Amino acid sequence: MTFRDIVPIIAVIALLAFVPVFVTANTVLNFLVFTLIIALTAQGWNILGGFGGQFSFGHAAFFGTGAYAAALLQVRLGINPWIAFAIGAMAGAAVGWMIGYLSFRSGLRGSYFALVTLAFAEVLRILANAATFTGGAAGVLIKLHVRPENFQFESRSAFFWIALALVGAVLVLTRWIERSRFGAQLVAVRENEAAAKALGVDTLRVKLGAITLSGAVTAAAGCLYAQYFLYVDANIAYGTWISVEAILAPIIGGLGTVFGPLVGAVALHGLGEVTKLAAGSVPGIDLMVFGVLLVVAVGFAPDGILGLLRRLRRSAQLSGAPRHA
Amino acid sequence: MKNMMRPTRRSILRAGAASAAVLAMPAYLRAQSQSVKIGILQPVTGALAQDGDFGRMGAEMAIKEINDSGGLKGLGGAKLEMVFGDARSNPEAGTQEVEKMQADGVAAIVGGFASPICLAATQAAARYDLPYIVDVGVSDPIVQRGLKNTFRFAPGFGIVTGVALDNLVKLNDGAGKPAKTVVLVHEDGLFGSGLAKLMQTELPKRGFEILETIAHPTPARDMSNVALRIRSLSPDLVIPSSYYGEFVLLARTMQQQRIRPKGVYAVLNGAASNYRFVKEFPDAANGIMDCNHWYDPRNPKALELKKQVEAQGKVFAYNVPLNYSCVKLLADAINRAGSADRAKIIEALNTSTFKDHIMPYGETKFVNGQNMGAAPVNTQVQGNDIKVIFPDSFADAKPQFPVAG
Numbered sequence: 163m164t165f166r167d168i169v170p171i172i173a174v175i176a177l178l179a180f181v182p183v184f185v186t187a188n189t190v191l192n193f194l195v196f197t198l199i200i201a202l203t204a205q206g207w208n209i210l211g212g213f214g215g216q217f218s219f220g221h222a223a224f225f226g227t228g229a230y231a232a233a234l235l236q237v238r239l240g241i242n243p244w245i246a247f248a249i250g251a252m253a254g255a256a257v258g259w260m261i262g263y264l265s266f267r268s269g270l271r272g273s274y275f276a277l278v279t280l281a282f283a284e285v286l287r288i289l290a291n292a293a294t295f296t297g298g299a300a301g302v303l304i305k306l307h308v309r310p311e312n313f314q315f316e317s318r319s320a321f322f323w324i325a326l327a328l329v330g331a332v333l334v335l336t337r338w339i340e341r342s343r344f345g346a347q348l349v350a351v352r353e354n355e356a357a358a359k360a361l362g363v364d365t366l367r368v369k370l371g372a373i374t375l376s377g378a379v380t381a382a383a384g385c386l387y388a389q390y391f392l393y394v395d396a397n398i399a400y401g402t403w404i405s406v407e408a409i410l411a412p413i414i415g416g417l418g419t420v421f422g423p424l425v426g427a428v429a430l431h432g433l434g435e436v437t438k439l440a441a442g443s444v445p446g447i448d449l450m451v452f453g454v455l456l457v458v459a460v461g462f463a464p465d466g467i468l469g470l471l472r473r474l475r476r477s478a479q480l481s482g483a484p485r486h487a
Numbered sequence: 004m005k006n007m008m009r010p011t012r013r014s015i016l017r018a019g020a021a022s023a024a025v026l027a028m029p030a031y032l033r034a035q036s037q038s039v040k041i042g043i044l045q046p047v048t049g050a051l052a053q054d055g056d057f058g059r060m061g062a063e064m065a066i067k068e069i070n071d072s073g074g075l076k077g078l079g080g081a082k083l084e085m086v087f088g089d090a091r092s093n094p095e096a097g098t099q100e101v102e103k104m105q106a107d108g109v110a111a112i113v114g115g116f117a118s119p120i121c122l123a124a125t126q127a128a129a130r131y132d133l134p135y136i137v138d139v140g141v142s143d144p145i146v147q148r149g150l151k152n153t154f155r156f157a158p159g160f161g162i163v164t165g166v167a168l169d170n171l172v173k174l175n176d177g178a179g180k181p182a183k184t185v186v187l188v189h190e191d192g193l194f195g196s197g198l199a200k201l202m203q204t205e206l207p208k209r210g211f212e213i214l215e216t217i218a219h220p221t222p223a224r225d226m227s228n229v230a231l232r233i234r235s236l237s238p239d240l241v242i243p244s245s246y247y248g249e250f251v252l253l254a255r256t257m258q259q260q261r262i263r264p265k266g267v268y269a270v271l272n273g274a275a276s277n278y279r280f281v282k283e284f285p286d287a288a289n290g291i292m293d294c295n296h297w298y299d300p301r302n303p304k305a306l307e308l309k310k311q312v313e314a315q316g317k318v319f320a321y322n323v324p325l326n327y328s329c330v331k332l333l334a335d336a337i338n339r340a341g342s343a344d345r346a347k348i349i350e351a352l353n354t355s356t357f358k359d360h361i362m363p364y365g366e367t368k369f370v371n372g373q374n375m376g377a378a379p380v381n382t383q384v385q386g387n388d389i390k391v392i393f394p395d396s397f398a399d400a401k402p403q404f405p406v407a408g
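Chains R and D are the protein sequences, given in the same order.
Numbering-wise (my numbering), the first sequence opens with residue 163 and increments by one.
Numbering-wise (my numbering), the second sequence opens with residue 4 and increments by one.
No false leads were mixed into what you were given.
Below, computed lysine-lysine pairings styled on DSBU-like, alpha-carbon distance capped at 35 Å:
(1) D:Lys-304 with D:Lys-173
(2) D:Lys-347 with R:Lys-305
(3) D:Lys-208 with R:Lys-305
(4) D:Lys-358 with R:Lys-305
Derived by calculation from the structure, the hints in this document are not laboratory data.
Predicted model only: the values in this text are computed from it and were never measured.
This is chain R alone, in the form it adopts within the complex:
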């Protein structure tokens, strides 16, 4: 990976970093923070699903682990939230490795892998709902104590910048994966696992690496969620909603691309907010409009928004000068 590879990332993040300077409306900032949390979740999914071709339907398992770890470590054990955040991400990595080890070693692929991840997330949800340590169905409430050392901020902008920095870091990480040997092996596994194995790729190790990274990134998003909303229960942390969000954003943005999850999350949630504004006071209309637009978007851009842009650029170039490799 060279410096030139990360120039677009730096440019995009720098541009976004200026948003709170110009937009002071908390409505917008709150929306952006939530969108960035979803983008981070989706970036985690994209490492395993987009690059590795292992479609997980249960990324809630990682998101929830991060969220619960961040909340419980500080509430029950009095650990500093910043440290709890780091431990939360590591816990997500550990859960990722464990689920990966159990399912990849048994040779589970495709829909079987998807179903197993779904089952893991459900099991964790039921456990979190039943255990007393997690607060059971009442969930965990992080005490409102607005101080930077408590990972709670007076202004929404501070949280926005932290979320943005994390998204930026994962963009760089994803770019590195794309350019690295590990990434090439991961793509090889996605395209044809048997062929990759025949060429000497240690497919189990590669897939385990991907799911561990993926788990850590998605768990970091879970930690952010807990820290932002200061409340976690089993349905929020391990509910299917977040698994769906994690899949939707990369599919809409562009599977297996660096910017796909971010573009997808911004497009999806931006669309959601815009339709909500346009629908006015009739509840539910916005969701219908949102659904129709989604169907149209997927119909016209099967490779996601980035794929559509690439296609448009290519057709523009075809009419112009020939393209350099």
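With chain R held as given, fit chain D onto it using these hints.
Using the frame of chain R, we list chain D on its own:
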């Protein structure tokens, strides 16, 4: 053409001035229009849509009534203006709506319904010292975490369960202690699990023997195993805490299989005191008791409201009178504050002695945000209607216990 499109310094300045004028406009208009905006937050889409609709209906009726009868007296007849927000049955959307209401300049917010939504929304409102009146949200941490802006008009989990246990003993003693054994059936969420745990520690102290505790998930599509288990245990009492669908299913299965305990005593149940259940399955519903939020059946205003709601072909669920009363409570506080200033409204709520509600509560008195005058009632389905059996001061029927099979 190209030249015309290129922005010059002057055109940018002009555009800037124009947009500043547009932005400044709403504030100017607000000052002129003599109305006070209040936010109504309810989940009207998603899993909780039914409850959100009820809540919205109650709030709208109160706003209309206040406006029709001359507006806010303390503010020279200013009208209430509703800013509605759909919490979409999740806490993130609830938070986002609070941000929008804040941007819209509301004086206070009423609603939330579900505990997770209330927890997130009250906290978001606390950032702006924006008064927030929780309508239902029974989770006690909502009022116990020291948010100065948060008030809950209805009773919380602790109050409801305490009353439920006391009244169960009273009911049993009054009938000559026919019930000794109990089976607990609960859904595995917030209400069910918490309640089952509490019952497991509290019931034995009060002389009841718990034969078994049966948990079930939500949604559950089949209750025959639970019903069969109840039949084989043949308890005197069944204490179910489930949501609407599951409880209706259980009650119907028990009826089909002729499982007739001496009583079914529900706590915060989704169906046991719901007119829809009574209307659709009168035989299964008959005799079922519940300890829950309810309106005051002796209050003429409540009965008038019920008639209005039913005339529209809708169900008079407890959310309607509760949200109606919450908006009235807020209007009373704004009137006494004499302004839409948030700090003054919070102060007025803290010293509130509001009595003009239609709930079976006493005088309103907030201690740390919880209305200490609030209490649940016990209801029983009798003769295809839902009657209040406890407390005596609000009751419109005598309890039928043990239930004649």
